[in-house]
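Colleague: The primary structure of each chain is shown beneath.
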Amino acid sequence: MLGASAAPAQELRPTTVTGDAIPASLTGAPGDAERGLKIVTNRQVGLCLLCHSGPYPQERFQGTMAPDLKGAGARWTEGQLRLRIVDAARLNRETIMPPYYRLDGLNRVAAGFRGKPILTAEQIEDVVAYLVTLKD
Amino acid sequence: MRWGDQAPASSPAQAGDPVTTGLASAPYNHRRRLLDAPLSRGITACVLVALLSSLARAEIPLAERRSGYEQMSPATKAMQDDDTSNPATLSVLDGEALWRRKAGDANKACADCHGDAAASMRGVAARYPAFSSAQGRAIDIEQRINLCRTEQQKATPLAHESRDLLALTAYIGRQSRGMPIDVAADEKTKPFIESGRRLYAMRQGQLNLSCQNCHDDNWGQKLAGVPLVQGHPNGYPLYRLEWQSLGSLQRRLRNCLIGMRAEPYPYGADEYVDLELFLMWRARGMTVETPAVRP
Numbered sequence: 098m099l100g101a102s103a104a105p106a107q108e109l110r111p112t113t114v115t116g117d118a119i120p121a122s123l124t125g126a127p128g129d130a131e132r133g134l135k136i137v138t139n140r141q142v143g144l145c146l147l148c149h150s151g152p153y154p155q156e157r158f159q160g161t162m163a164p165d166l167k168g169a170g171a172r173w174t175e176g177q178l179r180l181r182i183v184d185a186a187r188l189n190r191e192t193i194m195p196p197y198y199r200l201d202g203l204n205r206v207a208a209g210f211r212g213k214p215i216l217t218a219e220q221i222e223d224v225v226a227y228l229v230t231l232k233d
Numbered sequence: 004m005r006w007g008d009q010a011p012a013s014s015p016a017q018a019g020d021p022v023t024t025g026l027a028s029a030p031y032n033h034r035r036r037l038l039d040a041p042l043s044r045g046i047t048a049c050v051l052v053a054l055l056s057s058l059a060r061a062e063i064p065l066a067e068r069r070s071g072y073e074q075m076s077p078a079t080k081a082m083q084d085d086d087t088s089n090p091a092t093l094s095v096l097d098g099e100a101l102w103r104r105k106a107g108d109a110n111k112a113c114a115d116c117h118g119d120a121a122a123s124m125r126g127v128a129a130r131y132p133a134f135s136s137a138q139g140r141a142i143d144i145e146q147r148i149n150l151c152r153t154e155q156q157k158a159t160p161l162a163h164e165s166r167d168l169l170a171l172t173a174y175i176g177r178q179s180r181g182m183p184i185d186v187a188a189d190e191k192t193k194p195f196i197e198s199g200r201r202l203y204a205m206r207q208g209q210l211n212l213s214c215q216n217c218h219d220d221n222w223g224q225k226l227a228g229v230p231l232v233q234g235h236p237n238g239y240p241l242y243r244l245e246w247q248s249l250g251s252l253q254r255r256l257r258n259c260l261i262g263m264r265a266e267p268y269p270y271g272a273d274e275y276v277d278l279e280l281f282l283m284w285r286a287r288g289m290t291v292e293t294p295a296v297r298p
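First to last, the protein sequences are chains A and B.
Position in the first sequence counted from 1, then plus 97, gives you this note's numbering.
Position in the second sequence counted from 1, then plus 3, gives you this note's numbering.
These aren't lab readings, by the way, just hints derived from the structure by calculation.
Take the hints with a grain of salt, since some may be wrong.
To be verified - Computed far set for chain A versus chain B, every beta-carbon distance over 10 Å:
hint	residue
1	Glu-108
2	Ser-122
3	Gly-125
4	Thr-230
Unchecked claim - Beta-carbon label-pair distances, calculated as ranges:
hint	chain 1	residue 1	chain 2	residue 2	range
5	A	Gln-155	B	Gly-107	33 to 39 Å
6	B	Thr-153	A	Val-114	34 to 40 Å
7	A	Gln-155	B	Ala-122	52 to 58 Å
8	A	Ala-208	B	Asp-84	53 to 59 Å
9	B	Tyr-270	A	Gly-202	24 to 30 Å
Ideal Cβ positions, reconstructed from N, Cα and C, are used throughout, including at glycine.
Input sequences plus hints: build the corresponding full structure.
Modeller: As structure tokens, then:
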């Protein structure tokens with residue numbers, strides 16, 4: 098495990114929330130949906146399937162604590178999806194969905210993860226690019 | 004990989020353990036679903052959110068509490084129920100031998116002071132953690148054992164998760180098997196129960212979750228295919244198939260903290276003891292299963 102000093106605080110890129118969305122890409126570029134799928138289904142990286150299920154009949158271990166991701170791209174715009182991944186607590190203070198791109202207001206974060214968001218800006222863009230493809 | 008275990012699963016799942024699910028079989032909790040209202044829905048949404056989120060955080064009513072045992076497969080239950088197949092039985096036997104073995108500069112055995120554990124230790128584990136006047140705080144059964152070692156036996160304390168400490172704890176716990184949990188909730192213990200309650204409700208770690216989020220609000224749901232239990236302490240120390248060994252309640256709490264990406268407390272920390280006491284109070288009246296088996 099990295100000590101606290103070995104994990105320098107990472108600068109988060111600025112985000113602008115408009116209504117219930119972050120319309121602009123965090124990186125200024127579109128993400129890659131194929132990489133996004135890999136992040137979403139990876140239990141050590143995206144962790145999404147801890148809580149969510151999705152259109153992955155081959156994945157045996159899926160969560161039931163959150164809505165199925167199937168159709169997420171039909172229910173929400175790209176910008177709405179981005180805000181939900183970046184910091185779902187902006188919409189629902191009580192949510193259990195982890196803040197994937199927020200550093201403040203967290204408590205007792207393990208040394209190896211301190212000062213880092215759960216996903217990088219690039220990874221978030223990949224996830225968003227993937228989620229918008231979930232049209233039905 | 005099961006929740007909070009860092010290494011990839013080394014043991015195959017027990018036949019029949021409910022770790023596999025296809026697409027969500029249990030329905031997603033709709034109470035929560037309603038909470039996902041866009042900000043623009045304004046005031047009504049705010050009122051709804053306040054109302055519903057207070058519902059979501061209710062404690063489990065006493066009559067609805069369920070031991071982790073009830074969510075296990077028949078095969079794992081059978082393993083726990085039969086001493087000859089329960090892998091923890093070996094440790095209980097080790098513990099019995101340690102109970103009678105003289106130790107330390109005082110050259111005394113536990114049995115020299117306490118006699119037959121079947122009589123003197125009956126019900127003890129059911130009421131721990133308990134307040135210690137000498138320590139001025141609540142202490143757990145492991146700490147109680149180590150106090151006897153250092154003060155009565157003049158021996159060195161046993162390390163957390165050491166074979167001997169687990170064996171003695173399992174042996175003492177075994178004497179309360181089948182008895183109802185009955186920790187004191189009085190002037191002396193209340194501050195520690197309350198401290199445990201706060202820790203239990205506190206969001207922590209990179210995932211920003213509390214114990215409550217999983218064990219009160221979502222028990223019965225699946226976390227990546229693993230059924231969420233209510234998180235009761237009634238079987239510890241217990242043999243966990245995933246660990247392939249006996250482990251203490253603190254080891255279990257440490258696993259949950261690691262899963263939350265929170266900094267685990269050092270073994271023996273006051274925070275763990277307060278959590279243990281709160282969990283025992285929360286499980287009051289439930290049956291001691293020590294030494295239990297869990298997947």
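Colleague: Taking the closest pair, is the beta carbon of A:Glu-108 still more than 10 Å from chain B?
Modeller: holds, 17 Å
Colleague: Could you say whether the range 33 to 39 Å given as a hint is met by the Cβ separation of A:Gln-155 and B:Gly-107?
Modeller: Cβ of A:Gln-155 to Cβ of B:Gly-107: about 58 Å, so the range 33 to 39 Å is violated.
Colleague: Range first: 53 to 59 Å. Now tell me if the beta carbons of A:Ala-208 and B:Asp-84 are that far apart.
Modeller: Violated: the Cβ-Cβ distance is about 41 Å, outside 53 to 59 Å.
Colleague: Verify the CB-CB distance for B:Thr-153 and A:Val-114 against the hinted window 34 to 40 Å.
Modeller: For B:Thr-153 and A:Val-114 the Cβ distance comes to about 57 Å; the hint is violated.
Colleague: With 10 Å as the threshold, tell me whether A:Ser-122 passes as away from chain B on beta-carbon distances.
Modeller: holds, 21 Å
Colleague: Compute the least Cβ-Cβ separation between A:Thr-230 and chain B, then decide whether it is above 10 Å.
Modeller: holds, 18 Å
Colleague: So does A:Gln-155 sit 52 to 58 Å from B:Ala-122, Cβ to Cβ?
Modeller: For B:Ala-122 against A:Gln-155, whose Cβ atoms are near 57 Å apart, the range 52 to 58 Å holds.
Colleague: For the range 24 to 30 Å, tell me whether the beta carbons of B:Tyr-270 and A:Gly-202 fit it or not.
Modeller: At roughly 29 Å between Cβ atoms, A:Gly-202 and B:Tyr-270 fall inside 24 to 30 Å, so the hint holds.
Colleague: Since A:Gly-125 was said not to touch the interface, does its Cβ keep a gap of more than 10 Å from each Cβ of chain B?
Modeller: holds, 25 Å
In summary, the structure is inconsistent with hints 5, 6 and 8 from the numbered list given earlier, while agreeing with the others.
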